[in-house]
Structures are given as C-alpha cells and as structure tokens.
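J.: Each chain, written out:
4 protein chains.
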Amino acid sequence: MALYEFLHSNSIKIDLALEARDLIRGATGREIPGVIEEKQTFRHGTVTIIKIMDPKAEAIMGKPQGTYITIESPDLRFKSPEVQESVGDVLAQHLKNLLKISEQATVLIIGLGNWQATPDALGPTVVKYSLITRHLHLHMPQMVENYRSVCAFAPGVLGITGIESAEIIQGIVEKVRPSVIIAIDALAATNISRLGTTIQIGNTGIAPGSGVNNKRIGINFQTMGVPVIAIGVPTVVNAAVIAQMAVENHNKITGNRTPVNSIQIGQLIQELFKPFEGSLIVTPREIDDLILNAGRAINRGITLALHPRVAREDLEAVLC
Amino acid sequence: MALYEFLHSNSIKIDLALEARDLIRGATGREIPGVIEEKQTFRHGTVTIIKIMDPKAEAIMGKPQGTYITIESPDLRFKSPEVQESVGDVLAQHLKNLLKISEQATVLIIGLGNWQATPDALGPTVVKYSLITRHLHLHMPQMVENYRSVCAFAPGVLGITGIESAEIIQGIVEKVRPSVIIAIDALAATNISRLGTTIQIGNTGIAPGSGVNNKRIGINFQTMGVPVIAIGVPTVVNAAVIAQMAVENHNKITGNRTPVNSIQIGQLIQELFKPFEGSLIVTPREIDDLILNAGRAINRGITLALHPRVAREDLEAVLC
Amino acid sequence: MALYEFLHSNSIKIDLALEARDLIRGATGREIPGVIEEKQTFRHGTVTIIKIMDPKAEAIMGKPQGTYITIESPDLRFKSPEVQESVGDVLAQHLKNLLKISEQATVLIIGLGNWQATPDALGPTVVKYSLITRHLHLHMPQMVENYRSVCAFAPGVLGITGIESAEIIQGIVEKVRPSVIIAIDALAATNISRLGTTIQIGNTGIAPGSGVNNKRIGINFQTMGVPVIAIGVPTVVNAAVIAQMAVENHNKITGNRTPVNSIQIGQLIQELFKPFEGSLIVTPREIDDLILNAGRAINRGITLALHPRVAREDLEAVLC
Amino acid sequence: MALYEFLHSNSIKIDLALEARDLIRGATGREIPGVIEEKQTFRHGTVTIIKIMDPKAEAIMGKPQGTYITIESPDLRFKSPEVQESVGDVLAQHLKNLLKISEQATVLIIGLGNWQATPDALGPTVVKYSLITRHLHLHMPQMVENYRSVCAFAPGVLGITGIESAEIIQGIVEKVRPSVIIAIDALAATNISRLGTTIQIGNTGIAPGSGVNNKRIGINFQTMGVPVIAIGVPTVVNAAVIAQMAVENHNKITGNRTPVNSIQIGQLIQELFKPFEGSLIVTPREIDDLILNAGRAINRGITLALHPRVAREDLEAVLC
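Chains as they are written, first to last, in this note's numbering: chain A, 250 to 569; chain B, 250 to 569; chain C, 250 to 569; chain D, 250 to 569.
No lab work stands behind these hints, which were simulated from the structure alone.
Every value quoted in this text rests on a predicted model; they were computed, and no experiment measured them.
Fair warning: there could be bad hints in the mix.
Identical chains share a label here; the pair holds if one copy fits it or two copies do between them.
Claimed, not checked - Capping the alpha-carbon separation at 25 Å, the derived lysine-lysine pairs in BS3-like fashion look like this: (1) 300 - 424; (2) 501 - 523; (3) 300 - 464; (4) 305 - 501; (5) 501 - 377; (6) 501 - 345; (7) 424 - 262; (8) 464 - 349; (9) 262 - 464; (10) 464 - 424; (11) 300 - 377; (12) 464 - 377; (13) 288 - 345; (14) 349 - 288.
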C-alpha cells in the first residue's frame, strides 16, 4: 500500500502540489495528463513550476487549475541572511509574474494561523514584519511616493475568535477593496525534509480544508472576489504519515506482501492517536527558528515584488 | 494653573469620566449641571455611576451623553483571585444593566490595542481568554445550549496593519451581525494611583482620539450601527501630566503665583519630550501583571453577564 | 518485536518508571523482582507508587533505586481549576512525604528546559509562578514568618548558554546552600495519552540523558551533594515510538510474524527522520495549554508542601 | 536648583558617566580635575571616552576609577541594519581595546535584567542571540577552531529568583572560570533623547545600586575575581527626572527664584509617585524595538571583538 493511497483513502489533504504529483506518479508509474512542469535552479536551491491545465488534471491532482511554484532550499533551515536573501529574490521574481497588477493597486497581505501555536504562526509572523504603507498613503502620501499601498492582517483562528478566517477577510476586503490578496499559511508536508525548507506560491488561493488549521471556507477568487495568491511553508508532518512510512519501510525489510485495506490501517492509526485526535503534530524542536528564517525570505520576496523602488534600509528592515 | 486647564489648553483627552468630572469641579468649584452621580461600595472598592444627561453637560464634560460606571478597587493591583472575583461580580451586574439584550442575541467582543506593546495589550489579552461560543453554535449547537453566541476579535493597530481598527470592525460587524459590541481598551489616566485599579464601563462606545492608541475613527453606535459598550482600564499616565503635577506642587511650596500661559507650558513640555513625541509613556514596571489582574476581573464580569447559566468550570477557566 | 525491545535496542531512555515497569512486564510476562508497587485513587485520578528496592531491580528498570510516585489524571488536560487543585493537593501530600525537611530548611526549585521551545518550557513555567521568599527572609524577615525560605531558578539549556545545566546548578547550590533541590523537567512518554496528564515525582533526581533535552550530567545527590526531588510531566512522544507502534499494529492486522532485528528497524527509522535527527517531536497542538494546566497543579502542590501555613491568597496567586 | 543637585540630594544614581560629567560641570561651571576626555566621530554618531584617573575624581563623579566609552547614535533608534552594523563595528573596536585577552581565554557574557519586563530586557535579549561556542569547544572542538570559547547567561532578577544576580554569577564563575565577564544591562538616563540611542562601555563593572533593577551587590573585579566589562543602554528615564525638569523649565519662564530645598521637593515627588514608588518608569511606547535595535548592534560588536575570524554567516546570524 503506497502512501498516496493511504492519504487518499483517509481523506488526508496534500498541501504541496509537488508532493501530490510525486505521490500520484509514484502510485501510477506515469505522467499525469494535463499537468505541465518546468524546473529551474538557483544558487541555493531549485524552483519547480507545476501548471494544472484542465479539469481532468484538477481532479487527479486534487488541486484547482492554476500555477504552483515550489522553491526548495535545504539551506533555508539554517539561520543565514545570505540564503534568506537568495530565496527572497527568487520568490520576488515569481511572485511578480503571478501578480500582474498596476503600481496603483492596493495589496492586502493576510497571515493565516495562530500566533500562539508555534507551528501555526508563519502567517502572523510574516504580517508582523511586513512593510505596511496604506495608512501613510491615506495620511502622509508624500512619505510613500515610491511605495505601493499595502496593508496586512492576521485574522486568527476559529477556535479563538469564533469567526471563520474567510468571513473576517471578506469583511476587510469590502472595506479596503484591494486588487489582490496575498495569503500566507503554514502547510503540512508528507516529507520531513521539507519542514521549513520549501515555499509554495500558488495563484489559486487556499482551498477549504487546507493548511495546518483546516479552514472550512476557502480563501480564493470565488469567496473574495479578487485574486488570491497563496504562499505556504510546511511546518508539520501529519503523525499518520510517520506511521504509514514506518509500516511501508518495515514491509520492505520483512518482505511482507499481505495486502492491507487502506481505510482499515487509517482507522488503526486514528485509534492510536485518539487522545489528541486531529491535533497531534510532528515538528522539529527548532520550529520557531525555521519559521523566522522562512518568514524573512518571504517578507523579502513580497517587499521586492510589491515595491520595486524600495529603499535599501526599508528592505533590510523586513529582514530583522 | 490647574491640571484641567493645562489638559484642556493642550487638547489632551481625559479618558475617565470620573476624572473629567473631578477636574472640572476642581477648576470651577461647583457641580456640573446635567451630570448626575451615584456612588456605591462593595467589599473591595467603590462604584461611581455618572450620567451625562444633556448636550450642555456633554460639551462641558467632553464626553458623549450616556452612562459611565467606574469601579475603583485599589486591591486589584495585587495578584488576588478573591479581588478579581469580587470586582468581576460587580462588573457583571452593571454590564448586564447596560446590555439589555435577549438570550438569542449574538455579542462581539473587540479587544483594541497592540498585543506587542504591554501597556496597550489589555484588549487583546481579554480577547485571548474570552469564552467563545459562536463557532459551536454554528457547528455543534447541542454543546452550548446554556450559552449565548459570543465571538471575539483583536483588530490590531493602524501602524501594524495599515487599516483603521474601526474599518476592520465594521467589516466584521457586517458578516457577524452582532446585537451589541463590547469593546475593551487601555486608557490613560491623570492620576497614577488609578493604573490597573480602575475599570470604566460606558454605553457610548469609544470616541475618536481616545485610548492609549488614539483612534482616528470612533467605535460607537454611529459608526457600527449597533450599541457599543466600552470597558477600559488606565495603564499609562501621560508624561505631560507628571510634568504638570510637579510644577503645581512646586508652586505650592514656593508660593509662586506668577500666572502662566497654559499653552506656553504645554509647548515647553512638548519640547522636553520631543525625541519620542506623543509616544512617551509613564507606566509601572509591573504593568504586565496589572493587565493580567484587571483582564481576569473583566473576563469574569463579561462571562457572568453574557452567560448567566455558565458552568463553574467554564467560568473558572476564563480566570486562568 | 515489542516496543520495549525496540527502545532498549536503540538506547531510547524511558523517563516514566510506570511505563518502564509496564513495558518490561509486557515483554517478560512476569513481575519484576525487587520492585514494589502500591496504587491509590483520588477524585480526579490515580496515584501509583513504585519502589525500586535493590541494585538488581535498578538494572532491570534502568532507573536508580528509590521511590517513583506517578499521578495520572486524564482531566488535567482540560483547563479546570478544580482538577488543578485536586491534583495539586495530592501532589503536595506525596511531596511532603518525600521531602522530610525541617521548617528552617531552604529549598531551591530548579526549572529545567528551554522557555523558548514550548514542549520544553515546563520547568521555566513553574519557576516563573513559584512563591519565592528567600530574598524576603534575608531583607524583611517579619513579612515571611509563616513561610519557608524558597528560591527558584531556570538554568536554560546547553545550546543557548554553552554551560551544562548541572554546572550552573552546582554553582548556585554552593552559594545558596539549600537543604534539598526540587527539579522540574519536561519528559518524553511512549504513550500519547500521557501528554500533559501524568506527573511523576521521584527522589532520585534526574539521570544523565533524561528529559526532553538530554542532560549530559545528572542532577542528583551524587552531583549536587543534597537530595534532589524530580517532578516531571511528559510533553512529547518520541517520533520513533509512533513509528514503532504503527509497525506493531500493522503486524497484528496482517499476521506478519517475520522476526525483525530491533537495531535494524531503529536504523531505518533514524534514516527516515534524518533531516532533523534527534530533534523531531510529536506533540499536541495545544501543548502550551497543557503545560500551563500541569504547571499550575505542580505549583499548588509545591507551595502547599513547602509552606503548610500559606495564606489562601498567596496559594491562589500561584494558580494565576 | 539644578538637576544634578536634585539627583544628588535624593540619592538618585546617574548611570552614564557622560551625563554625570555634564551635570557636574553644569552645576559647578568648570572642568573636573582628574577626568580626561576624548571625542571621536563616526559615520552614524560620536564616541566619547571619559577616563576617571584618581580617587578624587572618583568621588566627584560618583563612579569608580576607570574608562567609560559612550557611543551616541541618534539613528540607532530606527530599525536600520546599516546603522546597527556601523555602531557594532565601532563598539567592537573599543571593546577589543578594553578586553586585552589571549585567544585561548574563555569569556562569560552576562545578561542582567528581567526578560518579562520590556524596558529591563536588554541583557537577556543580547544573551539570547549571542554566538555561543563553549559547549562546542568541549564536545566538538574541530567545529570551532576559528572561535574563542564563549558562554552566556541571564541570571534573572532577585524578585523572581530570590537569589542576588551577583551570587548566581559568582557560582557560575567558579565553575566556568572565565578570563573576563562582559555584563549587559539596561540603564536609566536623565535625558529622554538617550533612550535606545546611547551605548556605554566601561571597564569597572556594575556598581551596587546601578541599572534599571538596582543590584544590591556589585558585579565587578572585587566581587567576581575577574575583570568585568559592562555594556549598557538607557531604556528608561526616572519619572522624578521628568518632574524635576518640568519644575526647572517652569521656573525659567516665570522667573521664580525662591530657593527650594532639594530634599523637600524630592519628598514631594515621591509622594506624587507613591502608589508605585520606585517602580514608575518613563519609556517610549516603541521600547521593544529600541531594545532589539541596540541589542543587535551590541551583539555584532561583541562577536567581532571576541571572534576576529568569525565567518560572515555567523556574524550575520547574531543580527537576526
């Protein structure tokens, strides 16, 4: 039984398009029709652009039609301003291509997740250090002549506010009227080595049930009325994935070929995790640092993409 | 030159109705027409109810017509669950009188201020520990049969989001459609002994320019379309007030009677504080603890007022 | 292959005496000679007292000779002051039995771990809220007539200070000259349901290699020259344990009986976790709350055990 | 009545040698014998080196004989990596001159103060981001060939631990046996414009009663047995100073020349501040940011001074 089948049978969402493609290809042994891929390298990593071209590919991939850009940089795990700059520059360039907005367009940055729970704090962390200018455009426009109007917001999580993130964002969108939303969210990966080292940028927003805190309502063009660019970084691995990988590896050693019902083993694992059902996470001890490192690269990328004429000191400020 | 004249001449807002009344009476030497007052005592303090009855009294007091209830409890400064309970019970009773809503009415709690700056963190702190039920009413109503629908939100501050708090709240109000808003905010006092020991409840919302972070737009019935109950606690004293009080005291000792131009000394003091103009605060070193103590009393009061049938364990949970 | 053999073969330390006993009995099918056990119940849980009586039992159990008291309270997971009080009272009574010190004896509370990494923050959290009196005994003795002299300290972790916790504590012990040390530490469990719900009190201190941050040097009578009472709560499960449990369960379903080399599967799992080797933790998302809940129960227990004549308000203060 | 006389009469310690000199010169109108001064400028500020040469100068200045280097950089207030680098480089050069230690010497960095109270958190903040190598020198020496052995520690404050900072440091010094201590501490200034913008480096350690938290025992060569270099940044202004300055300014305007007893007005001001006596602080709202900015400059300076062959990426890491 492959990991893909296990995840699929147990309705575990795969957040990264790159992982979805790899798992599906691994399970089927062939290319996915309607999915185009392009690969690039840069000083500190690689960039993979996956395009889901038609509804059939959408159905197989379990992700909406659109473009998914994945930056992989294993060095991002270490606290290195050089790597953060390098990744940020690559992110800026790809983000700019997706954004396609005029200089006058207002941008709303949304930091999803819960700042009180570290592995879920990526969004609020990015918002905290964002370069914000909208209030200056309204009250002292001469100070921000070289800058676009940008505002940023962290809507919290349903369990703390009692309000869906999507509802809150809709309310703000109606007041601020941005041309585009950039939504930052912590993701779950199936591969441990991706934690803190992979950044996905997508132009299809955030689907319901995605991210570390499953959202009930999507945050996308359909629900917001404006394009939503999603930027995500895996910060946890589902504990069920660890269990499944262990079983797979064990079967390899022992040569065990007994066919197993995916749903059955899913239930078994769920039984195992019952006391904290749904909320048990696997994360590295240094997750706080990983989030700061990735957050800095993302803030550099967003700042460069939104404000091409940013002063050096303002750009450096989002890095600290 | 009295403190009142000094504040007035230099357009420094007085957040507490009780202080406004005392300062005006001190300056004029007589009762303010159109202002009614009632005083009560309880185990750990006193309650003063001030009603501003007509537009003339509104103009003199510099505060909108309405009811202002001030709970003073010097013991609230110390970390004492007993005092927190006592103050919370008194707050609950007065809050209930102001609320006048049906059991079915949804309530939105708003925590104004910046959780990153301690003296301004009262609102977000109260929100963090609030008893939230709206999401359960939507998804598992049987769990919250004895509870009203309540949601809570901290909109942050203009300098961090680029969006006015009032705009954000308006957006949320349009989605959530609450019957009433309870807005929590840190206040400035003119008297040091009030820091962390005085709670004001008012039914006129929050005026523009009030609170520790001066809001540009008011948060009140006019801007929100629903009644706004404001709950505030002084956490800072304006540094200019310290200066002014020192001068007054000094004049008393030296018998100095030279008449001084209020605006002139205001400018002098402003000059003194120039490097951090507007942002220099006077606060006790233990401000974090003061905010936690007052926050617990407020959360107990709100919980008892909103959920009369609250289980003992849920009530205790907002205290820890 | 049983979990015990797996842990043993891969030199994974079992922090809880109760788990060690259960796993060894499960593997061997019989009682462990030289290990005495007693069980009690209380309103919100059970207490198991395990005594390791001789060197042979010490070798089998992998834990030094002494007394290990385990309080199990599944309700401790929920934010309930009532449960915290109940568990704290039971803890106080057993702690008092272990302490056996005069009223004049000074006690040093040590909070091991890293306050910046949530699952490791139990020790510093307990220290933060401890009732400290040593400085008052030195400078205003009349204020603390009813209280013992207590000081508390969090030595941080090797990776942040560059100094072993044990070295720092030795230095402080030489200055403070306490009669006994109470050391608080976060533990690892093999059973998910123990996270935040089990408290172990032992009179043998902390062995090298124990706890969430493996200490190189033990913190015990041998290294400190005074008795060390250890109080611990499991906050993480080793990811390898999850893997191993999944394999075991899978084998049960598939009836796989191929004998597997423990070391071999240990290596496989290590390979799987390589990118964050040693530092990958499994923890519930709500770990912050679990630590606060357990920390409050521990602080109540310590306070009651050390200060039998504590005033109600001082006792309540450590709960908030 | 001059500010100096006021401070002197009321036993308020002046932390900055530069301010002491200015106030004494202002009060006496002439140079202080036995005090030598040298001034330099750099891209983002000035450096003043004050040497107190003999016991007579020591008595007048109220500070022990030794060297006090004051870096003033008004731009340090703004979040600018360029300024932080510039100030850090200047600090490194002067620190190196004071240190005079061999490459093999171990250095102990001590972060005084309370990380829970922002204006007092400078020391713990610097420790948190320090480049620590002592544990690597002990366990993997080949990794740190180009680095000196450095450890770092934040002893907390008396009110939280019940133990004097000096006692704790003595205990650690006896274990670690450093060649020199670098102690970081938040200071009080008499001039608002110094908050977060002035760094004092001195080779006489920390006198009793200095810093934001008055220490009872000094941290200096006499108490520690090794040289203590102190690095401090003002983060608060004593509220009494604000009061005094206001009175002075007021007297200037009104031409009031009534002679006032310094002690008398000191008592008056103390009366004014009674409810939070001793603990009322005047600080800018953005104090968190000021501490981060100054902390980064200090960490760069210390790192460059201690590790001349530091790799670029390690140096950058202490800045983020």
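J.: Are the hints correct? Go through all of them and say.
T.: Here is what the structure says about each hint:
With identical chains, the CA atoms of residue 300 and residue 424 are never at most 25 Å apart, being 33 Å at best within one copy and 35 Å at best between copies. In this assembly of identical chains, the alpha carbons of residue 501 and residue 523 lie at most 25 Å apart only when taken from different copies (19 Å versus 27 Å within one copy). Taking the closest pair of Cα atoms, residue 300 and residue 464 come within 25 Å of each other only inside a single copy of the chain (24 Å); across copies the shortest separation is 46 Å, beyond that limit. In this homomeric assembly, residue 305 and residue 501 never come within 25 Å of each other (Cα to Cα): the closest approach is 33 Å inside a single copy and 39 Å across copies.
Taking the shortest Cα distances, residue 501 and residue 377 never come within 25 Å of each other, neither inside one copy (46 Å) nor across copies (45 Å). Neither within a single protomer nor between protomers do residue 501 and residue 345 lie at most 25 Å apart by alpha-carbon distance, with minima of 45 Å and 53 Å respectively. Neither within a single protomer nor between protomers do residue 424 and residue 262 lie at most 25 Å apart by alpha-carbon distance, with minima of 33 Å and 28 Å respectively. Taking identical chains as interchangeable, the C-alpha atoms of residue 464 and residue 349 are never at most 25 Å apart, the minima being 27 Å within one chain and 34 Å between chains.
Taking CA atoms no more than 25 Å apart as the test, residue 262 paired with residue 464 passes inside one copy only; the shortest distance there is 12 Å, against 39 Å between copies. In this homomeric assembly, residue 464 and residue 424 come within 25 Å of each other (Cα to Cα) both inside a single copy, at 22 Å, and across copies, at 17 Å. Taking CA atoms no more than 25 Å apart as the test, residue 300 paired with residue 377 passes in neither setting, with 31 Å inside one copy and 41 Å between copies. Taking the shortest Cα distances, residue 464 and residue 377 sit within 25 Å of each other both inside one copy (21 Å) and across copies (20 Å).
Taking the shortest Cα distances, residue 288 and residue 345 sit within 25 Å of each other inside one copy (18 Å), while across copies they are farther apart (49 Å). Taking the shortest Cα distances, residue 349 and residue 288 sit within 25 Å of each other inside one copy (22 Å), while across copies they are farther apart (54 Å).
When held up to the earlier numbered hints, the structure conflicts with 1, 4, 5, 6, 7, 8, 11 and fits the remainder.
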